[in-house]
Amino acid sequence: MSMEELIDQYFRPGRLPHIWCPGCGHGVVTGCIVKAVDKLALSKDEVAVVSGIGCSSRASGYLDFNTVHSAHGRALPVATGIKLADPKLTVIVVTGDGDATAIGGNHLIHAARRNIDMTVVLYNNSIYGMTGGQYSPMTPVHAKATTAPYGTIERDFNVAELVKAAGATFVARSTSFHAQMTTDLIAKGIAHKGFSLIEVVSACPTSYGRQNKMGGPADMMKWQRDHGVPMVAYEKLSAEDKLIKFPIGLLYEVTDAQEYTEAYEALIAAAKGGK
Amino acid sequence: MKQELRLSGSGGQGLILAGIILAEAALLDGKLAIQSQSYGPEARGGSSKSEVMISDEEIYFPKVTKPNLVLVMSQEAAKKYVDDLSDAGVLVTDSLFVKDLPTSFKGKVYELPITHTAKTELGKALFANIIALGSIVKLTGLVTEASIIKAVLNRVPKGTEEVNEKAIKLGMSLIK
Amino acid sequence: MSRILLLQGNQAVVEGAIAAGCKFFGGYPITPSTEIAEDLAKKLPKIGGKFIQMEDEIASIGAVIGASLTGKKVMTATSGPGFSLKQELLGYACIAEIPIVIVNVQRVGPSTGQPTSPSQGDIMQARWGTHGDHWLIALTPGSVPECFELTIRAYALSEKYRVPVILLMDEVIGHMREKIELPDNYDEIPQPERKQPTCKPEDFKAYATDESLVPAMPPFGSGYRWHVTGLVHDETGFPKGTPAATVESTNRLHDKLYNNLDDIVEVENFKMDDAEYAVVAFGGAARAVYEAVNMARAEGIKVGLVRPITIWPFAEKQMKALAGKVKHIMVHELNYGQYVEEVQRVVAGKVPVTSYGVYNNEPATPEELLEKIKETFK
Numbered sequence: 016m017s018m019e020e021l022i023d024q025y026f027r028p029g030r031l032p033h034i035w036c037p038g039c040g041h042g043v044v045t046g047c048i049v050k051a052v053d054k055l056a057l058s059k060d061e062v063a064v065v066s067g068i069g070c071s072s073r074a075s076g077y078l079d080f081n082t083v084h085s086a087h088g089r090a091l092p093v094a095t096g097i098k099l100a101d102p103k104l105t106v107i108v109v110t111g112d113g114d115a116t117a118i119g120g121n122h123l124i125h126a127a128r129r130n131i132d133m134t135v136v137l138y139n140n141s142i143y144g145m146t147g148g149q150y151s152p153m154t155p156v157h158a159k160a161t162t163a164p165y166g167t168i169e170r171d172f173n174v175a176e177l178v179k180a181a182g183a184t185f186v187a188r189s190t191s192f193h194a195q196m197t198t199d200l201i202a203k204g205i206a207h208k209g210f211s212l213i214e215v216v217s218a219c220p221t222s223y224g225r226q227n228k229m230g231g232p233a234d235m236m237k238w239q240r241d242h243g244v245p246m247v248a249y250e251k252l253s254a255e256d257k258l259i260k261f262p263i264g265l266l267y268e269v270t271d272a273q274e275y276t277e278a279y280e281a282l283i284a285a286a287k288g289g290k
Numbered sequence: 335m336k337q338e339l340r341l342s343g344s345g346g347q348g349l350i351l352a353g354i355i356l357a358e359a360a361l362l363d364g365k366l367a368i369q370s371q372s373y374g375p376e377a378r379g380g381s382s383k384s385e386v387m388i389s390d391e392e393i394y395f396p397k398v399t400k401p402n403l404v405l406v407m408s409q410e411a412a413k414k415y416v417d418d419l420s421d422a423g424v425l426v427t428d429s430l431f432v433k434d435l436p437t438s439f440k441g442k443v444y445e446l447p448i449t450h451t452a453k454t455e456l457g458k459a460l461f462a463n464i465i466a467l468g469s470i471v472k473l474t475g476l477v478t479e480a481s482i483i484k485a486v487l488n489r490v491p492k493g494t495e496e497v498n499e500k501a502i503k504l505g506m507s508l509i510k
Numbered sequence: 004m005s006r007i008l009l010l011q012g013n014q015a016v017v018e019g020a021i022a023a024g025c026k027f028f029g030g031y032p033i034t035p036s037t038e039i040a041e042d043l044a045k046k047l048p049k050i051g052g053k054f055i056q057m058e059d060e061i062a063s064i065g066a067v068i069g070a071s072l073t074g075k076k077v078m079t080a081t082s083g084p085g086f087s088l089k090q091e092l093l094g095y096a097c098i099a100e101i102p103i104v105i106v107n108v109q110r111v112g113p114s115t116g117q118p119t120s121p122s123q124g125d126i127m128q129a130r131w132g133t134h135g136d137h138w139l140i141a142l143t144p145g146s147v148p149e150c151f152e153l154t155i156r157a158y159a160l161s162e163k164y165r166v167p168v169i170l171l172m173d174e175v176i177g178h179m180r181e182k183i184e185l186p187d188n189y190d191e192i193p194q195p196e197r198k199q200p201t202c203k204p205e206d207f208k209a210y211a212t213d214e215s216l217v218p219a220m221p222p223f224g225s226g227y228r229w230h231v232t233g234l235v236h237d238e239t240g241f242p243k244g245t246p247a248a249t250v251e252s253t254n255r256l257h258d259k260l261y262n263n264l265d266d267i268v269e270v271e272n273f274k275m276d277d278a279e280y281a282v283v284a285f286g287g288a289a290r291a292v293y294e295a296v297n298m299a300r301a302e303g304i305k306v307g308l309v310r311p312i313t314i315w316p317f318a319e320k321q322m323k324a325l326a327g328k329v330k331h332i333m334v335h336e337l338n339y340g341q342y343v344e345e346v347q348r349v350v351a352g353k354v355p356v357t358s359y360g361v362y363n364n365e366p367a368t369p370e371e372l373l374e375k376i377k378e379t380f381k
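Residue numbers (the numbering used here), protein chains in the order written: chain W, 16 to 290; chain B, 335 to 510; chain G, 4 to 381.
In short, the hints are calculated from the structure, not lab data.
All residues carry an ideal CB built from backbone N, CA and C; glycine is no exception.
A hint or two may mislead.
Pairs of lysine-lysine residues, derived as DSS-like cross-links and limited to a Cα-Cα distance of at most 30 Å, are as follows [said to hold, decoys possible]: (1) LYS375/G / LYS414/B; (2) LYS26/G / LYS208/W; (3) LYS103/W / LYS377/G; (4) LYS203/G / LYS103/W; (5) LYS323/G / LYS163/G; (6) LYS103/W / LYS163/G; (7) LYS208/W / LYS46/G; (8) LYS484/B / LYS182/G; (9) LYS400/B / LYS472/B; (10) LYS49/G / LYS208/W; (11) LYS336/B / LYS377/G; (12) LYS103/W / LYS208/G; (13) LYS287/W / LYS46/G; (14) LYS203/G / LYS54/W.
Derived list of chain W stretches under chain G, where covered just means 3 residues or more per stretch with a C-beta under 8 Å from a C-beta of chain G [what the hints assert, rightly or not]: (15) 77-83; (16) 95-103.
Can you build the whole structure from these sequences, using the hints too?
Shown next, in the form of structure tokens:
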């Protein structure tokens, strides 16, 4: 399908243009989600997209699925309720770095721990964009933000390692530059039975880029191209390069872990059996 | 006539359960009953009280204010829960734990070897609550023997019916 | 056929939830409401329902909102501190019009307060705990059988008006055990159904309404794809930031309930026919008042009890009528004085309104109330 056809098929009529700034990577990431859904030939009626609050979370309103624009940080609990109540729905969570790892951080680790079948697409623009550029738990240490005018002294989360440690069974990273890879990873994440998280490094030229002198949108895309390194190549980098670059691709996958809603069906069968 | 009872002691003695059983026995007799309790944060060891009201008519206020009978199964409970017992009421104590009777109370006291009987006759202190129920039922006649036995058997684990029924009878036998 | 049981108020809530068709509970342990979670953890799977203990109180209400979107009848239960944490998403459920039932077994507060002691200190929080203009329903049971009945009613109102309903309990009622007669099976309990759209999916506007002002709510997965948001939205359900859209949305959320107060607001009158004085009390606090009224009448004081069963929306009409009937009103509640302010507002000086707030960890006894009645109404 061409992008026009994809828009006709999966975006709600009359809801575009979106609110994202020129050069923002979020449109690309949202496009990757619908391409992944299209690739898997899922019925729109059977897909629920749940978002929190922030720039990324506006995506839910544009997409022609069963959609929830929930509260800040709370996409995962709402998604958990949807998935557990009706496991036949395919649940995709759209969230940002602040939404998922700061205010929603507790929900993130617990959703991962339960290994409940849903796919989290974490749009990581390293900043709170909607409120005008404050630092998030994923803003790189020393980077500037309106609330870190001298550079943040806080160490940043590696969200992939975080959710892996918490129990996620599919963990991947990509960038808005690596759009094809992003689509493929989201499709694999959706097809994976269990908790999947795909971190997508996205560009925020308006706020993060400007405050950290990263140049314009094209420069930020180039930065993604040069810093996101496929896992195999990343392993071969020097220690020095490893510090400034980051691995992309499928980082971790477990296929034999018990999925939560399936475990619950087994529990129901046992309870009905009078045990 | 509304009858008000307070079963008190320390957490873990099973007095909340005893109160529930007594109230359920009253329902089996076709009466009305309310059970309530108060307790602290401790699952074991803190003071605990379970209150039961039994009546033929509607009971509105669920807390005991003028007890007809108070059971105390710890020295601490004897200090805390007897103040509002009038001299027309009855005090039942577990003589193993309650050495000093409340001096303010001038009414009838039954000092019964409840826990002692549980240990010596049934081998376990945990039957003390059921023995106490037997004593209270015998003393007050508030519920029928058949109903208290049925209520006990409805609540206790399978396989312990016989020993629990024996506990009720032992409790009754403590009242001479 | 029916069975006679001795149940706690909290257990009767569970029976009411099951009878009304609840199939999803999300919760977090907190005294004195925990029995509700424990009982549903056992019972829901047996009927094919889902129970989940979430990571915190916020997640609990989030999960039940999500489950409600799939068409399930849902419940969460908590107490003061947890109720505070749920407030943001309670507001979300108000503006997005998602039916949920929230049980709050109140305890002494603020903060950790007295976890095992009774209080009715969340009257105002139930009404105004979340930010912004919003309207919801709160019901307060006064007995164990009423816990069962009002839980069923909570679902009926929540589904009918697409609004969160708070079952505002107190520890007295939540933890006391009392006789209750329950039907052997719940098949004959009317199951409230959500209004469903009659148009084709492509013509569906998620928040378009008829004269009831309550929009239809198809479940996720039904083919009607719609958008749920906490942003102010128009009839399409999509965000709309205009002043007119905000006014229209706000007015409708108000009117859908306040046009139907006769359906929603329930008040019990006890010995009020010839009463010259009234005690207003609800929930566990009212229990002592019945007895005190009987005792006072035996002494020749013509007093009755007015017991709001619906706490919110406020029983404005009933309280106005009361002000025209009696010489003096006393409001008794287990807090420093919250509901009394609403009574005073509505009575507006027509007759004296005296507050008798009790906040010493114990419900006032009938004797204490009798004293207060004699002192107040002399």
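Okay, the hints, checked on the actual structure:
no. : hint                : in the structure
1   : LYS375/G / LYS414/B : 26 Å, holds
2   : LYS26/G / LYS208/W  : 24 Å, holds
3   : LYS103/W / LYS377/G : 64 Å, violated
4   : LYS203/G / LYS103/W : 23 Å, holds
5   : LYS323/G / LYS163/G : 27 Å, holds
6   : LYS103/W / LYS163/G : 27 Å, holds
7   : LYS208/W / LYS46/G  : 28 Å, holds
8   : LYS484/B / LYS182/G : 17 Å, holds
9   : LYS400/B / LYS472/B : 21 Å, holds
10  : LYS49/G / LYS208/W  : 25 Å, holds
11  : LYS336/B / LYS377/G : 24 Å, holds
12  : LYS103/W / LYS208/G : 24 Å, holds
13  : LYS287/W / LYS46/G  : 10 Å, holds
14  : LYS203/G / LYS54/W  : 27 Å, holds
15  : 77-83               : holds (count 5)
16  : 95-103              : holds (count 8)
When held up to the earlier numbered hints, the structure conflicts with hint 3 and nothing else.
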